[in-house]
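Fit chains D and F with the ligands to the supplied structure of chain R, relying on the hints for placement.
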Amino acid sequence: SNETAEGIESISAEENEVAVITPHKDLNQLPVAPEIERDGDDVFVKMTAQITDIEIDKDYNYKAWTFNGEAPGPVIVVNEGDTIHYTLENLDPAIPHSMDFHAVHTAPDTGFADVAPNEEGTFVYQANSPGVFMYHCGTDPVLSHIANGMHGVIIVKPADGYPTDDEIDREFVIIQNEWYKYNDLNDMTNNEPSQVVFSSKALNEEDQPNTDGTVGALIDEPLQTKVGEKVRFYLANMGPNEFSSFHVIGTILDDVYIDGHPYNHNKGMQTVGLPASGGAVIEFTLKEEGQYKFVTHQFNHVQKGAAGKIIVEGE
Amino acid sequence: SNETAEGIESISAEENEVAVITPHKDLNQLPVAPEIERDGDDVFVKMTAQITDIEIDKDYNYKAWTFNGEAPGPVIVVNEGDTIHYTLENLDPAIPHSMDFHAVHTAPDTGFADVAPNEEGTFVYQANSPGVFMYHCGTDPVLSHIANGMHGVIIVKPADGYPTDDEIDREFVIIQNEWYKYNDLNDMTNNEPSQVVFSSKALNEEDQPNTDGTVGALIDEPLQTKVGEKVRFYLANMGPNEFSSFHVIGTILDDVYIDGHPYNHNKGMQTVGLPASGGAVIEFTLKEEGQYKFVTHQFNHVQKGAAGKIIVEGE
Amino acid sequence: SNETAEGIESISAEENEVAVITPHKDLNQLPVAPEIERDGDDVFVKMTAQITDIEIDKDYNYKAWTFNGEAPGPVIVVNEGDTIHYTLENLDPAIPHSMDFHAVHTAPDTGFADVAPNEEGTFVYQANSPGVFMYHCGTDPVLSHIANGMHGVIIVKPADGYPTDDEIDREFVIIQNEWYKYNDLNDMTNNEPSQVVFSSKALNEEDQPNTDGTVGALIDEPLQTKVGEKVRFYLANMGPNEFSSFHVIGTILDDVYIDGHPYNHNKGMQTVGLPASGGAVIEFTLKEEGQYKFVTHQFNHVQKGAAGKIIVEGE
Ligand SMILES: [Cu+2]
Ligand SMILES: [Cu+2]
Ligand SMILES: [Cu+2]
Ligand SMILES: [Cu+2]
Ligand SMILES: [Cu+2]
Ligand SMILES: [Cu+2]
Ligand code: NA
Ligand code: NA
Ligand code: NA
Ligand code: NA
Ligand code: NA
Ligand code: NA
Ligand SMILES: [Zn+2]
Ligand SMILES: [Zn+2]
Ligand SMILES: [Zn+2]
Ligand SMILES: [Zn+2]
Ligand SMILES: [Zn+2]
Ligand SMILES: [Zn+2]
Ligand SMILES: [Zn+2]
Ligand SMILES: [Zn+2]
Ligand SMILES: [Zn+2]
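Residue numbers (the numbering used here), protein chains in the order written: chain R, 249 to 563; chain D, 249 to 563; chain F, 249 to 563.
To be clear, the hints were calculated from the coordinates, so they are not data collected in a lab. Note that this is a predicted model, so its numbers are computed, not measured. A hint or two may mislead.
Footprint (simulated), chain D over chain R, 3 or more residues, beta carbon under 8 Å [said to hold, decoys possible]:
1. 354-362
2. 433-440
3. 469-479
4. 486-497
Yeah, the Cβ is synthetic: ideal placement off N, Cα and C, and Gly gets one too.
Isolated chain R (complex conformation) (with noise of 0.2 Å):
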């Protein structure tokens, strides 16, 4: 059992009725899955915003404003060069939504205007520049969309890879957020966080976790190596207000890539810390059988449920 979160002041039924909006109550929309297709260099993205409850701890519900019925949202991965064709539609049917990708160039009142409720909006960009990005929803008041689950990550593969390519037996996207009182822009703009989480996101292999960012989810479904293996995280931090201090117990970050631009190398770290909305490329090797926690650094928010477990086997 997860013991992290114990302790947590949560927040009663009533209380949340009453800040969920209208049109919201009574609503709990199937996730919808993204579409992803590839034609040579040009990519077809289609993704709903969408109101989706996600158990964010034991036995509490939030009525997630999110992208696909997840929060954070599904990874998005393409390569340097590419062109995104990007779809929103939103099936949120009470207030409009968008979405800002860190990874693009664009003027953000055309490329990442507003969607209006049971619309869709399409819009292309380049990917030039390679990375760990975070996406979300930009729609006024941004906190508001991010901190109710509207956020996520998307990797723009480097033409020329890492240097460390070769070196690497095994893949995950991490992400760090953050929640507040449900959908309260005051507690969201002066208070700490009611939980701090990890989540991971399926990527290219088929047996790792793909989950929501709730209390324990990276305890109760671990990430799984073997002994030797070289471990790369895509990490990335949602905030929305938080930095993190990113940490393996037990291991040291042999080659870290600041916002997963190859470029940005350093080696041998302990700790890597991200700002609000950065990213990070991190590699490291489990040299023995066990379990092994990830945490942020900052030890109130893993009390607020912010660690993860990789259980590592033998050959």
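Frame of chain R; chains D and F with the ligands shown alone:
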């Protein structure tokens, strides 16, 4: 109109009145322009410490402790290798002030010594290390002097330039700072900021804004650039307390020099983290006509004012 | 006298009494010196977990959970390539403790396993990655064990040294840590620190201070150096929760190695940001006789004690 600071708890005129120290009451000194003169490698800089009202939010005047009637104070630009002959004239009738340049080597007890009320002090410094540096009043308690407005930026231009100098079309100085309850050391020490703001200081282009650090300053008076121009920000975070996660929406920071030193080169960053008193040179291109905001991606701080705007016109 | 921590809310003897766990009452174990012996590449380190009173602020005794009666614990120095044979003797009669070295590769569930009260445990680790690493007790809840005092620094000296080794005249180990209400997990999780402090741990020079992390420790007992000497700090931030913005007033950090790894070289920094559990080697020269303070430039933390002093004498 600026929508970022709605709902911020404001301070009553009565509360402020109490915190204003008696000799400052009814004092609102007109901004005195700084004097900067060069003679070969010798640069003569004269600044004032003075008490000047600044409207830091709509209808909220803050009787700021300032350099030259601005908060942040005027930007100072020198060359690597210069000798700075610095004079501080303390126009504050009540308390001592001083200057702490992060750009220089000096013994603080003499080189950054207090200047008594109605006195002036002269100091000589070498500027031998290039970068974007904070300066601030160093008189105890430093927290009060910074949080009340006594901070700014000094740029030391590298003798050999930046490797990307030839690509730059337009430069701005962008500064983040926080405000707390008026002259309330307890609030400054124990609470979150009331406002988090950006300002721009006029550098080498006549048409760019020169603003104080006020809510909406760079929304009301946006920066201007053209499609495809490479823009450089000399960026610094005054704190006094908070980290910054600086991000420009709709682009990627192609080149980043941490603390503005050419050796500390990173590429392709989505967000640059600035510790309290950290600086950076950041460079990016806005590829389409439109309106781009920049923020600290700690969105609780955006709610408190930390957003600016860039208008991009076609060529 | 130290003026940095005035006005900090102190905790009554009664409040503390409640939080002290029963078997710790009337327990104040004399510091036991660590044992460090070398035989070729094998280093034998023996430490204790013990309960020892530390006067963390004037007339405020904290019944700390410690390594060897110090908080931070003693500094451990090994060479890249060493094998560490580590023994922890748990002198605490009440609860288990353990050791988590950030410098090593091990399976935490076995290599960092709990040592029961009045027992001892021995572990063997390789130290293959150079740097300045945090160590800490890893027993759940880790936040309590770190915040109550169980943290310190292990330095792994790089086999090929740092490129700037020849320039260094003087070295110090400088550590930042926070204190919260006595053994109050709720306060540690949800509130700001009561004290933020620096300490120095004796390294290779007999005359340097070896202090606990107490308010004013390095003001009352300053570091000593000479004009023009190049000084190196092995620097680390224990947290448990806060970021550090480390700055030396009156100079510039000429060389900075993030996490103490020679590859992670930066130059000319005004301020180095340290995530919770981050480290660095920083190098600078103080060019004039006088008194220099160092701080975290988050000045709310300076108000809570985070300042130290260097006395620079003429040659
Ligand atoms: Cu949205
Ligand atoms: Cu963003
Ligand atoms: Cu002042
Ligand atoms: Cu300073
Ligand atoms: Cu312990
Ligand atoms: Cu740790
Ligand atoms: Na680019
Ligand atoms: Na570790
Ligand atoms: Na220098
Ligand atoms: Na962007
Ligand atoms: Na290693
Ligand atoms: Na300095
Ligand atoms: Zn939205
Ligand atoms: Zn916080
Ligand atoms: Zn390793
Ligand atoms: Zn002052
Ligand atoms: Zn804060
Ligand atoms: Zn670009
Ligand atoms: Zn312990
Ligand atoms: Zn804090
Ligand atoms: Zn220097």
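Each hint, compared with the structure:
1. 354-362: holds (count 7)
2. 433-440: holds (count 5)
3. 469-479: violated (count 0)
4. 486-497: Result for this restraint: holds, n = 5.
Going through the hint list in order, the structure does not satisfy hint 3, though it satisfies all others.
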